[in-house]
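Undergrad: Produce the complete structure using the sequences and hints provided.
Heads up: the protein sequence lines correspond to chains A and B, in order.
Residues 1 to 464, numbered by my numbering, are exactly what the first sequence covers, in order.
Residues 1 to 465, numbered by my numbering, are exactly what the second sequence covers, in order.
Derived from the structure by calculation, the hints contain no laboratory data.
Glycine included, every Cβ here is placed at the ideal spot set by N, Cα and C.
Treat the hints with caution; some may be incorrect.
Pair ranges (Cβ atoms, derived) [to be verified]:
| id | chain 1 | residue 1 | chain 2 | residue 2 | range |
| --- | --- | --- | --- | --- | --- |
| 1 | B | Ile309 | A | Gly199 | 27 to 35 Å |
| 2 | A | Val68 | B | Lys436 | 43 to 51 Å |
| 3 | A | Gly199 | B | Glu270 | 31 to 39 Å |
Lysine-lysine pairs mimicking DSS-like chemistry, simulated, CA-CA at most 25 Å apart [unchecked claim]:
| id | chain 1 | residue 1 | chain 2 | residue 2 |
| --- | --- | --- | --- | --- |
| 4 | A | Lys317 | B | Lys438 |
| 5 | B | Lys431 | A | Lys369 |
| 6 | B | Lys438 | A | Lys368 |
| 7 | A | Lys365 | B | Lys438 |
| 8 | B | Lys248 | B | Lys104 |
| 9 | B | Lys418 | B | Lys428 |
| 10 | A | Lys232 | B | Lys217 |
| 11 | A | Lys229 | B | Lys217 |
| 12 | A | Lys281 | B | Lys428 |
| 13 | B | Lys217 | A | Lys365 |
| 14 | A | Lys317 | B | Lys431 |
| 15 | A | Lys229 | B | Lys234 |
| 16 | A | Lys317 | B | Lys430 |
| 17 | A | Lys281 | B | Lys104 |
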Amino acid sequence: MRSVYLMLPALLWASVALRAEVPSAIAIKDAHVVTVSGEDLPKATVILRDGLIQDVGANASIPPDAWVIDGAGLTVYPGFINALSTWGIPQPGPNRAVATAGNVPQQAAPATPAPNPAPRSHGPEDRPQTYSFERAADMVEPSDSRLEAVRAAGFTTSATFPNRGIVEGLGALIDLAGERGRDMVIAQPIGQQIEFRVGGGGMGRSFPSSLMGNIAYVRQLYLDLGQYKQAKETYVAHPNGNRRPEYDHDLEGLAESPRLLLPADECQQVDRILNFGRELKVPFVVYGLHEGYRRIDELKQANVPVLISLKWPERPKDADPNDIPNYRDLLMQEQAPAVPGMLAKAGVKFAFYSDGVDSAPDLKKALKKTVDAGLSRADAIRALTVNAAEIYGVGDRLGSIEKGKIANLVVTKGEAFDDKSTVEYVFVDGKEFQPSKEQQQPPQGGERRGTNPADEGDANGGVN
Amino acid sequence: MRRLIPIACAIAMLAGLSGAETILIRNATVLTVTKGTVQNGSVLVENGKIAAIGKNVSAPADATIVDATGKYLMPGIIDCHSHTAIEGGVNEGTVSDSSMVNIKDVIDPEDINIYRGLAGGLTVSNVLHGSANAVGGQTIVIKLRWGKTAREMLFEGATPGIKFALGENPKRQGYPSQNFFSQGPAPERRFPGTRMGVEEVIRESFTDAKNYQAEWKQYHDAVARGEHPIPPRKDLRLEPLVEVLEGKRYVHAHCYRSDEILMLLRVADEMGFKIRTLQHVLEGYKVAREIAEHGTGASTFSDWWAYKIEAYDATPYNAAIMTRKGVVVSLNSDSDELQRHLNLEAAKVMRYGGLSETEALAMVTINPAKQLGIDNQVGSIEVGKSGDMVLFDKHPLDYYSKVQKVWIDGHDYFDRDKDLETRPEFQKKKKALEDKLKVAEDTGTRQGKRNASNAASTPMIEENQ
Numbered sequence: 001m002r003s004v005y006l007m008l009p010a011l012l013w014a015s016v017a018l019r020a021e022v023p024s025a026i027a028i029k030d031a032h033v034v035t036v037s038g039e040d041l042p043k044a045t046v047i048l049r050d051g052l053i054q055d056v057g058a059n060a061s062i063p064p065d066a067w068v069i070d071g072a073g074l075t076v077y078p079g080f081i082n083a084l085s086t087w088g089i090p091q092p093g094p095n096r097a098v099a100t101a102g103n104v105p106q107q108a109a110p111a112t113p114a115p116n117p118a119p120r121s122h123g124p125e126d127r128p129q130t131y132s133f134e135r136a137a138d139m140v141e142p143s144d145s146r147l148e149a150v151r152a153a154g155f156t157t158s159a160t161f162p163n164r165g166i167v168e169g170l171g172a173l174i175d176l177a178g179e180r181g182r183d184m185v186i187a188q189p190i191g192q193q194i195e196f197r198v199g200g201g202g203m204g205r206s207f208p209s210s211l212m213g214n215i216a217y218v219r220q221l222y223l224d225l226g227q228y229k230q231a232k233e234t235y236v237a238h239p240n241g242n243r244r245p246e247y248d249h250d251l252e253g254l255a256e257s258p259r260l261l262l263p264a265d266e267c268q269q270v271d272r273i274l275n276f277g278r279e280l281k282v283p284f285v286v287y288g289l290h291e292g293y294r295r296i297d298e299l300k301q302a303n304v305p306v307l308i309s310l311k312w313p314e315r316p317k318d319a320d321p322n323d324i325p326n327y328r329d330l331l332m333q334e335q336a337p338a339v340p341g342m343l344a345k346a347g348v349k350f351a352f353y354s355d356g357v358d359s360a361p362d363l364k365k366a367l368k369k370t371v372d373a374g375l376s377r378a379d380a381i382r383a384l385t386v387n388a389a390e391i392y393g394v395g396d397r398l399g400s401i402e403k404g405k406i407a408n409l410v411v412t413k414g415e416a417f418d419d420k421s422t423v424e425y426v427f428v429d430g431k432e433f434q435p436s437k438e439q440q441q442p443p444q445g446g447e448r449r450g451t452n453p454a455d456e457g458d459a460n461g462g463v464n
Numbered sequence: 001m002r003r004l005i006p007i008a009c010a011i012a013m014l015a016g017l018s019g020a021e022t023i024l025i026r027n028a029t030v031l032t033v034t035k036g037t038v039q040n041g042s043v044l045v046e047n048g049k050i051a052a053i054g055k056n057v058s059a060p061a062d063a064t065i066v067d068a069t070g071k072y073l074m075p076g077i078i079d080c081h082s083h084t085a086i087e088g089g090v091n092e093g094t095v096s097d098s099s100m101v102n103i104k105d106v107i108d109p110e111d112i113n114i115y116r117g118l119a120g121g122l123t124v125s126n127v128l129h130g131s132a133n134a135v136g137g138q139t140i141v142i143k144l145r146w147g148k149t150a151r152e153m154l155f156e157g158a159t160p161g162i163k164f165a166l167g168e169n170p171k172r173q174g175y176p177s178q179n180f181f182s183q184g185p186a187p188e189r190r191f192p193g194t195r196m197g198v199e200e201v202i203r204e205s206f207t208d209a210k211n212y213q214a215e216w217k218q219y220h221d222a223v224a225r226g227e228h229p230i231p232p233r234k235d236l237r238l239e240p241l242v243e244v245l246e247g248k249r250y251v252h253a254h255c256y257r258s259d260e261i262l263m264l265l266r267v268a269d270e271m272g273f274k275i276r277t278l279q280h281v282l283e284g285y286k287v288a289r290e291i292a293e294h295g296t297g298a299s300t301f302s303d304w305w306a307y308k309i310e311a312y313d314a315t316p317y318n319a320a321i322m323t324r325k326g327v328v329v330s331l332n333s334d335s336d337e338l339q340r341h342l343n344l345e346a347a348k349v350m351r352y353g354g355l356s357e358t359e360a361l362a363m364v365t366i367n368p369a370k371q372l373g374i375d376n377q378v379g380s381i382e383v384g385k386s387g388d389m390v391l392f393d394k395h396p397l398d399y400y401s402k403v404q405k406v407w408i409d410g411h412d413y414f415d416r417d418k419d420l421e422t423r424p425e426f427q428k429k430k431k432a433l434e435d436k437l438k439v440a441e442d443t444g445t446r447q448g449k450r451n452a453s454n455a456a457s458t459p460m461i462e463e464n465q
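TA: Now the structure itself:
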């Protein structure tokens with residue numbers, strides 16, 4: 001008797017797993033297909049097989065073994081890509097996992113242990129807050145409880161970076177579902193994220209604690225990297241009589257990174273970071289950009305891709321009512337959501353990143369806000385798909401609905417970003433998910449605090 | 001002054017629009033500082049430079065004429081010790097030698113204090129790293145070109161500097177403040193904890209710099225011989241110190257006590273570099289002869305002291321005494337507030353020490369220019385110098401004088417009338433924006449009960465404006 005009880009959950013799991021199992025092929029029939037790469041197809045069929053898009057077109061023939069989804073009234077987009085986040089790396093904190101159909105049963109997210117307070121750093125030589133060697137690809141787990149929530153907003157993919165220190169580690173482009181972490185990785189390393197950590201306004205415990213200290217440190221790291229490479233080359237060519245250069249873990253991580261992600265939110269930060277990126281002589285991407293409306297021409301001229309934070313500036317919820325708001329802040333609150341539209345007009349390549357906005361209703365609201373502020377729907381979709389893919393050099397695999405590409409799709413009823421639209425299906429690597437309606441609705445009762453951890457003052461430490 | 005905040009943006013736009021134009025300022029009392037005073041004088045500025053000064057100056061037809069009848073024109077004020085417009089921390093106070101950091105990297109051209117400084121006639125600031133370390137960060141001279149980018153604010157051709165600090169600040173061991181409320185273990189203390197240690201840090205840093213210099217020379221020599229040596233590591237901490245040794249970078253040293261001033265001058269002699277300026281230097285009057293002999297400048301306060309133990313043995317006669325002993329002396333602000341009325345600071349040396357009007361004005365114009373090595377470009381109203389000038393309604397040493405206009409390179413960067421004019425329009429614009437955002441907020445995320453509380457807070461904000 002006892003054994004039957006024990007078996008019961010196992011049986012349930014098995015059925016769940018079966019439901020989630022990828023059928024040999026799926027056909028979404030007669031849907032509106034937004035291919036992004038080509039023409040919009042008002043009535044076409046998309047066929048998915050083995051995790052790839054097998055065919056797409058008005059006349060695509062449906063294989064006999066395919067599951068058929070009636071696409072009438074549905075719109076198919078390429079899966080949305082979050083261009084910078086920690087999605088997939090389980091975050092410390094209360095386990096918010098909810099096991100629902102279509103999902104692998106989740107266990108408590110393994111809490112990453114709080115890092116020990118690092119010893120005082122006495123300068124760049126101590127390589128403070130440098131995790132350049134850490135790999136998001138080794139850290140991602142399907143157990144991250146945020147994945148289900150963000151799939152409900154149509155996200156299938158994320159450029160995920162470890163979020164620790166100043167030099168934050170090697171990012172990976174991951175799919176937001178999989179049996180194991182390794183299944184999720186699409187490409188890695190895709191870059192190295194830099195974040196300036198200004199603690200104590202320069203009078204903190206450990207170098208660096210000022211902004212100029214952070215900058216000097218990163219500059220020194222890249223000088224060291226140049227010297228390291230040169231020293232290794234010289235040594236390989238002339239080993240006799242030269243002392244061998246010491247192996248440097250931190251610099252190896254930097255050397256491996258194909259691009260650098262540099263932060264800039266306000267206009268003077270944009271100026272600074274464009275100069276800094278050029279000085280470092282590495283390909284770079286700028287992230288943040290809420291005051292980008294004052295530097296559109298400069299960004300265009302710099303020809304540097306940018307990632308826009310979806311955490312639009314707002315009046316702090318706990319603002320002192322006696323505070324006189326600053327005009328610049330007000331302007332930023334008004335103008336930040338208009339930045340993507342301006343960038344699109346200027347022809348600057350940009351993508352979006354979640355910046356701690358981790359629930360479907362919030363993501364949808366944030367995206368709608370920028371569409372309302374003047375970004376065309378088509379450009380918004382491009383930013384969420386092909387742009388992000390191209391910025392990370394995987395435009396040949398992802399970002400559009402084309403034959404042979406990875407089968408990451410989002411299928412909506414109603415157009416994406418519309419208030420009343422819903423996400424009906426999400427396909428990740430050809431695997432089908434049906435996000436629940438509850439996940440797409442803002443929690444009822446007005447008070448959202450506590451329901452959505454993203455509201456709790458950056459539960460993830462804030463990507464930014 | 002606080003009221004100046006909102007209009008700043010509007011003025012920034014105006015400043016950005018005005019091109020390099022030809023300006024004739026007519027009928028002013030021109031306080032040239034170096035060439036006496038011209039009554040009912042005119043100054044012509046062309047292409048950003050002063051082209052003519054005199055009683056009868058003719059201007060081309062397209063020149064903008066400024067009638068300055070009854071007003072006073074002086075050179076733009078120069079502050080030899082400022083921490084204005086620094087983003088993300090004035091100090092990198094975690095180490096005793098922070099020479100790897102550079103203020104140039106973190107100039108914030110959006111800092112409202114730039115505009116407020118302009119409103120006080122300030123045109124040039126020596127923006128310094130803080131005084132938390134014996135050998136501090138690299139420093140930069142800026143022109144207060146409000147509305148421009150950080151790079152556009154840099155004073156072209158001005159020799160960059162480095163901040164040193166002696167005494168209490170650098171020996172506080174990294175400010176390991178532990179008090180009743182502190183949590184966790186006490187932070188590791190930083191060397192040094194004594195004045196002897198401060199001296200040692202400077203000596204050690206320059207010893208390192210010399211070794212570093214030698215290491216690179218050795219490398220270049222080896223390359224020249226056709227060998228294939230591995231290049232040394234480029235060290236951002238030591239690079240600026242090598243520049244100091246080579247005379248390409250000025251040392252601005254924060255100091256108070258006379259014994260330490262002498263210590264520093266001796267260490268500099270020993271290591272083979274110059275101290276360009278002593279900053280604060282409240283006991284400079286005790287060792288003025290030695291300072292003058294070293295060709296070192298002194299940048300002090302007019303009458304501010306006793307804010308810490310090492311700053312007690314001070315006198316408002318300090319500037320005058322050092323001047324009489326042959327030291328080039330300037331008066332600095334070290335403060336976003338004080339930089340707005342350096343003309344009045346200068347006036348105090350007439351009261352304390354009996355310096356002349358011109359000597360007083362020199363304290364905030366040509367003298368700091370000399371100390372920063374930019375006196376060939378700014379610091380006085382002379383033909384060929386930059387069109388950096390301030391128009392006062394009364395004599396600038398008069399307590400009731402107000403700045404009317406400020407030009408930098410012949411560009412109009414502050415205009416009191418325009419400022420006052422644009423305020424109502426600006427307030428209207430701001431109010432409209434606030435209301436718009438409030439509506440968006442109320443109809444957006446917050447519904448039901450929250451609406452009420454938001455609405456209640458609205459009038460309060462408005463009233464406080």
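Undergrad: Next step is simple, just say for each hint if it's right about the structure.
TA: Do the hints match the structure? See the list:
{"no.": "1", "hint": "Ile309/B x Gly199/A: 27 to 35 Å", "in the structure": "29 Å, holds"}
{"no.": "2", "hint": "Val68/A x Lys436/B: 43 to 51 Å", "in the structure": "49 Å, holds"}
{"no.": "3", "hint": "Gly199/A x Glu270/B: 31 to 39 Å", "in the structure": "37 Å, holds"}
{"no.": "4", "hint": "Lys317/A x Lys438/B", "in the structure": "12 Å, holds"}
{"no.": "5", "hint": "Lys431/B x Lys369/A", "in the structure": "22 Å, holds"}
{"no.": "6", "hint": "Lys438/B x Lys368/A", "in the structure": "18 Å, holds"}
{"no.": "7", "hint": "Lys365/A x Lys438/B", "in the structure": "17 Å, holds"}
{"no.": "8", "hint": "Lys248/B x Lys104/B", "in the structure": "16 Å, holds"}
{"no.": "9", "hint": "Lys418/B x Lys428/B", "in the structure": "16 Å, holds"}
{"no.": "10", "hint": "Lys232/A x Lys217/B", "in the structure": "21 Å, holds"}
{"no.": "11", "hint": "Lys229/A x Lys217/B", "in the structure": "21 Å, holds"}
{"no.": "12", "hint": "Lys281/A x Lys428/B", "in the structure": "46 Å, violated"}
{"no.": "13", "hint": "Lys217/B x Lys365/A", "in the structure": "61 Å, violated"}
{"no.": "14", "hint": "Lys317/A x Lys431/B", "in the structure": "20 Å, holds"}
{"no.": "15", "hint": "Lys229/A x Lys234/B", "in the structure": "13 Å, holds"}
{"no.": "16", "hint": "Lys317/A x Lys430/B", "in the structure": "20 Å, holds"}
{"no.": "17", "hint": "Lys281/A x Lys104/B", "in the structure": "19 Å, holds"}
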